[in-house]
Each structure stands twice: as C-alpha cells, then as structure tokens.
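Student: Starting from the structure of chain E, add chain V where the hints point.
Listed here are the chains, written in short residue letters.
There are 2 protein chains.
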Amino acid sequence: MKVSVIGTGQTKFGELWNKTLEDMSYEASMLAIKESGLPKEKIEAVFVGNMLYGKLTGQDHLGALVTSLLGLKVPATRIEAACASGGMAIQAAVHALKSGAYKNVLVLGVEKMTDFSTSHISEALMGAGSEMEKQAGLTFPALYALMAKSHMQQFGTTRAQLASVSVKNHKHASLNSYAQFPYEIDLQKALNAPFIAEPFTIFDSSPISDGAAAVVLSSENNGVEIIASQSSTDTVDLSQRNSFTEIEATKTASQKAYQEAGIEPKDLDILEVHDCFTIAEIMAMEDLGLCKKGNGGQFIESGATMLGGKTPVNTSGGLKACGHPVGATGVKQIIEITNQLNGTLGSRQIKNPKIGLAQNVGGTGATVAIHILRK
Amino acid sequence: MKVSVIGTGQTKFGELWNKTLEDMSYEASMLAIKESGLPKEKIEAVFVGNMLYGKLTGQDHLGALVTSLLGLKVPATRIEAACASGGMAIQAAVHALKSGAYKNVLVLGVEKMTDFSTSHISEALMGAGSEMEKQAGLTFPALYALMAKSHMQQFGTTRAQLASVSVKNHKHASLNSYAQFPYEIDLQKALNAPFIAEPFTIFDSSPISDGAAAVVLSSENNGVEIIASQSSTDTVDLSQRNSFTEIEATKTASQKAYQEAGIEPKDLDILEVHDCFTIAEIMAMEDLGLCKKGNGGQFIESGATMLGGKTPVNTSGGLKACGHPVGATGVKQIIEITNQLNGTLGSRQIKNPKIGLAQNVGGTGATVAIHILRK
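For the protein sequence lines, the chains are E and V, in the order given.
Residue numbers are given in the numbering used here: position 256 of the first sequence equals residue 256, and the series is strictly consecutive.
If you want the numbering used here, it's the 1-based position in the second sequence plus 1000.
Just chain E, same shape as in the assembly:
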C-alpha cells in the first residue's frame, strides 16, 4: 500500500509571542488540509507530535485538544519521543494508514517554547536525557559538545568545519520566509561568537522556537510517496553508548530504510537532517552513508551539501536557522522534502530531485526516525 503526502502547512518558526499553541496548531493544520484538497471531514485520524507542552503548561491530551479545535471527532493521539516526536508521529500515521484503519490522516507537530525562561526550557529539554546526566549537571549543548570534542580528537574535525554547517544552514534559511533566522552569517562571525559549551559557540546551536507543521497523509490519493519509514533507539544515557562519535540508531534505522526503499545513499537528491548542534549534521552525513566515517566535516566544508552542490542538505535552514520547535521539527522536515520533490520552493528549489530523506533525532540519539520520500 502506498502512503503519500498530499498536503502541507506550517506557521513561521520563531518567537511567536502573539500565537498560542492552539493558534499555531489550527493554522498549520488548516493549511495542510486546504492544500490536500480534501474537505476537513475526510480526515479520519489525527496524530500530534509534541514533547513539552504538558510539562510546561500542565495541558496534556493534545490529540483530543487538536480534534476539538478542528471540530472533528476522530481518533487522535499524542506521540512523544523527545525531539523525535514529530518523526515518530509521522511513523505512527504511516503504520495506521498501512494497517488499513484509515485512508486520510493529519499529522501535526507543534511546540510552544518561548513563553518560558531559557533555564526553564533547558531543564525541560533534559527530559530527553538520563537521570544520571541531569544529576551531573549536563545540558544538551554540553552533551553534544562532548560528542564534538570526541569527533575532533578522533578524526581531526575542526571548529571551522562545525561552523561551516551553520554558515550553510543560515544561507539556506535566508531563502525561507518561514525561517526563524532568515539571514546569512559568515564563518568568522560563527567562530568568534561566545562559547556556550566549548567547542560550540551560539552559532553551533539550534534555537528555542515556537512553531507548528502539519501534513495530510493519504493511502488513496497520490502525492509525494513515503517509500520508507523506519526508526531505532539506543541508550538514553550517552555514557552507555558504544561510541561518542556516531549515532548508532541513525545507522540502524537508515540501513533499514534504504532496504525498504530499495535505494542506496548515493540515490538521495535532498536531505533534511537533525542539526540540533553542528556536530549532529556532521555525524548524520557519516551515519547516513553520504561520506566515510570521520569525513563529515570535510564533506560539508567542501560545499557538497550546499544549495547548488551535489546533495543539498537542510535547504529549509535546518534546526539551526529555520528554528527548532521540538515537536514540529520532524514534520517540518517532511514538508521541506515534499516541497522540494514537488518543485515548489522558488529561490531555494533544487533541480528536479527524485528522492529525499528526513532524519529526526531524539535526545543524543536515543531515538531516530528516518523517512524516505519519492516523487
């Protein structure tokens, strides 16, 4: 059975002080439904990807909350897998469609983060990590900085290579009106910024964001097809991993996804990967098989993944520059790939792409969702 993306919609990502989670959810959902061409009443189920709203505001039960907003009385549930909540919500929807339970469903990813202090959000985000990490005083910038340090030590990856991820993604975001930071930066600016967790400056880190992204998935209408949906997990605690310089769950899930899709990494024309920190995009290139282990920094520095390069990565601007409203991210990745494959992205459109991949990561890689799409 084929499952296709037949409608997409999103809010701008950023500090949306004038919009509630409900406002954003409604806006993105209705845009996706409108683009699908289906009447609202044809939506048979709703899947909501969200990590933090219950914890931050007390409001749980977002599945029913969203169907209430939309005036639908259909099955709905919330999916949470830390920062991979959006990708896992897509996967739950794909499974439901392929089971034959429904023919058309809505997947919404949403997060409202900027109403809270940074320290509050930093602590809330540590819910994606382990108790031991929290007790040690670690935060996510620090955890990924440990991975970056290991990668630098083991493979000679440089700070300039890390920063080149950010420069690229800011350049891409400058062409995306939905992006939180739609402007370019240069390498010196990234390198000379204050450290937040050495070797990371503020430009190595994705921001705190509000935003919503929604897609309508269908098993009876044609669109951009989801030809693989896979995921995997690893220990929540970074210290328990086999390696600090790779995300094993990315390797496992992507290998299964390539097999399901019947493709190889070289067949990919476009990717959206989870650049929560610059090192994460470098590791993603390696773990997804786009380059050899240890060569991710050079690969990105070479321009291969820039717009105009061989395999553009994060044309949305990625988490770094498009923004990272946690639950929305995995769904936004699917939207960007879909729009690229549909050829609708104007100044950041790449030429005639056929196959794209989205990688959505939870925690330091304890959950990874991989989707492959084809026009």
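Hints were generated in silico from the structure; no laboratory data involved.
A hint or two may mislead.
[Unchecked claim] Covered stretches of chain V, as calculated for chain E (at least 3 residues, CB under 8 Å): (1) 1060-1073; (2) 1087-1099; (3) 1300-1309; (4) 1324-1335; (5) 1358-1366.
By construction, the Cβ of each residue, glycine as well, lies at the ideal position given by its N, Cα and C atoms.
Tutor: Okay, now just chain V, sitting in the frame of chain E:
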C-alpha cells in the same frame, strides 16, 4: 491479518513506595515477554502508554528509556492520551503490526503517582481537561459529579446505584491479588463515607496508584485475538458536549468496534470498563449498548454485571478497587480480558467466555479506546 495477545505481565497496583517507574516497567515487561515464550530479542518495537511522568518528574522519552532498561535497541515511542494512554498505546501497536512493520511488539502502560501530594496529582490530572475547566476550579471528581447529577436528574439514577458499582468492584478486587484494595465493602459503608464531590463519596472515586502492565502482541503467534481496535474523540471541555449523560466517543468507537468484530453487544461475555468514577461505569453500560439509556444504574444494581451474573464487568476490580495508575489502566484491562478468555483467573474466573471488550477513557470522554478480544 490477525493480532493476538501472547503474553501478559503486571505489577501489583497500589502505593509502591519501594519501586521506581523503571522497576515497575522492567518487572511488567519481563513478565509479559516471559509468558509470551519469545526470547527478548524477538521484540521488534515497544509502545509505552504514560500520561504524567514527564510532568511530575521531568523525565520524558520513555520509549527509549524502556528499551534502554530492557537492553533492546528497537523502535519505541510513548503514547499519551490522558487516562486513555494505555488503550491508545495498544491501538498504535495493533496498527503497526497490521501494517506489517513488525511481527512481535511489547506494549507497556505505566504510571508512578503516589510519590506526590494529592493536590499536586489532582492538578496534574487536570491536564486531561480544558483550560476553561481549570480556571473554573474544576477537578475530575467535580466534572464527573456534574455528569452524575445530570444523570440522576434526567433518569432518576440513585446514590445507591452509584455505590453498587463500587461494592461490586471491591468484591471483584477481593479476588485479585494485584488489586490496590483487595477487600469487600458494603453499600452502607459506601453511602455513609464523606463526600468528595457530591453526590460522590470517596468510594465513588478511583484512587491514585502506582503500577505497570504489559502485553506482547503478535501477528505470527496465536493467542487471544484482538478482533477490533477503535477509538474516537470529543471536545476536551465537558461544557461543549451535546450531552452530559453520555460519552459520545464511547458510542462512536464501540459501534465501529462491533462492526469491525462482526458482533453485537449481546455477544459480549466479559467487559473491563473505565470506572474512574462510579457514574462512568453506569454510562459505559448504556453507551456500549448493554442496556437502555438511563437504565445503567438499575442494570448494575440488578447484579447482571457481578461475577456470576450474565455479563460480568470489571472482574479485575476496575479502576475503583484494582487501582488506576493512569497509563497502565488501558493495558491492564487488556490483560484481564485476555486472562479471562484464557481461563486462568481462578476464583474470579468466569465460565467459558468467548468474547470480551475493554473500554478506556481519557478525560471526561474526550478520548475513548475500545478493544474487542476473542479466544
């Protein structure tokens, strides 16, 4: 494709001060896997139903947390739909199996509630309701009390009929060693207890509980078959409903479930329903079609749903007396039905049941999951 329950496991429900959420999760999961007869490595995915843990302790990402505990590196996600989290986790697993993605999966429902003050838990549980309800100072006992009052006014339902639900469920729990309150009460005790939200006394309300329940579901091994899995939603806010005296989502989901299973309500031999408050079990009898609208109180008072009656309901003791660790409840219901159909329940075993139904409710009925099982 057939999906069957091939293994079940649960902790005792109650105030488990000496067990963490991790301890309970591991215990229930390993018991279910052991009973399934499968080696642990055959579990291909894990679905965790949980409502409150992130909010109460900060720890999210329970899918990966549980696979970490079990030493598995397989797809995992957390499902949240308020008090219907367990039932919706079962449904997500059924969809995944029927999609062909996996052949054997684990569903765990778990909640750790007694480490916190009652007022803290009452507030946390309001995450299942609407903002307007919270601002009005409503709690779940109060919301269900409004429904009870309406039912009493409209249909002449009595306090004794409400209490008869509790008396029955305590009697059943007295035969269940996993129950939080494994003892009988009489009608006078229930009626004379202090009011918590008139017309409810403490005996009309389910307790705050710790506990975990797990099942292994399989599409390649035979067991008790899940012949229907349906759900529905309604407005999160009670005041926006068409009626206060019925749960429309129960009617919608159960009608679809009867159709999927090819059965009628009269074919049911055994049920587990969501008696978070006594009125909820009365409405469930009506909304599930076991008796006429308005007759639920008389139906239960008649003894028809008592062990030894025509259609026993909540032989586990229900939420009232077995306990209500929120995320675990929907999974525990599936375990009780499975064990009844397998004929393994000793003193509370009913004679030769063939078909059973589980109804799991979130909020005041904003989410309802219905499963029908057959031996």
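Student: Work down the list of hints and note, for each, if the structure agrees.
Tutor: Going through the hints against the structure:
Interface restraint, the region 1060-1073 of chain V with chain E: holds (10 residues with C-beta to C-beta distance below 8 Å; minimum three). Coverage of the region 1087-1099 of chain V by chain E holds. Counting CB-CB distances below 8 Å, 9 residues qualify, and the rule asks for three or more. Counting residues of the region 1300-1309 of chain V whose beta-carbon sits less than 8 Å from any beta-carbon of chain E gives 0, not enough to reach three: the coverage restraint is violated. Counting residues of the region 1324-1335 of chain V whose beta-carbon sits less than 8 Å from any beta-carbon of chain E gives 0, not enough to reach three: the coverage restraint is violated.
Check on the region 1358-1366 of chain V: 3 of its residues sit with their Cβ under 8 Å from a Cβ of chain E, so the three-residue criterion for coverage holds.
Comparing the model with each numbered hint stated earlier shows that hints 3 and 4 do not hold.
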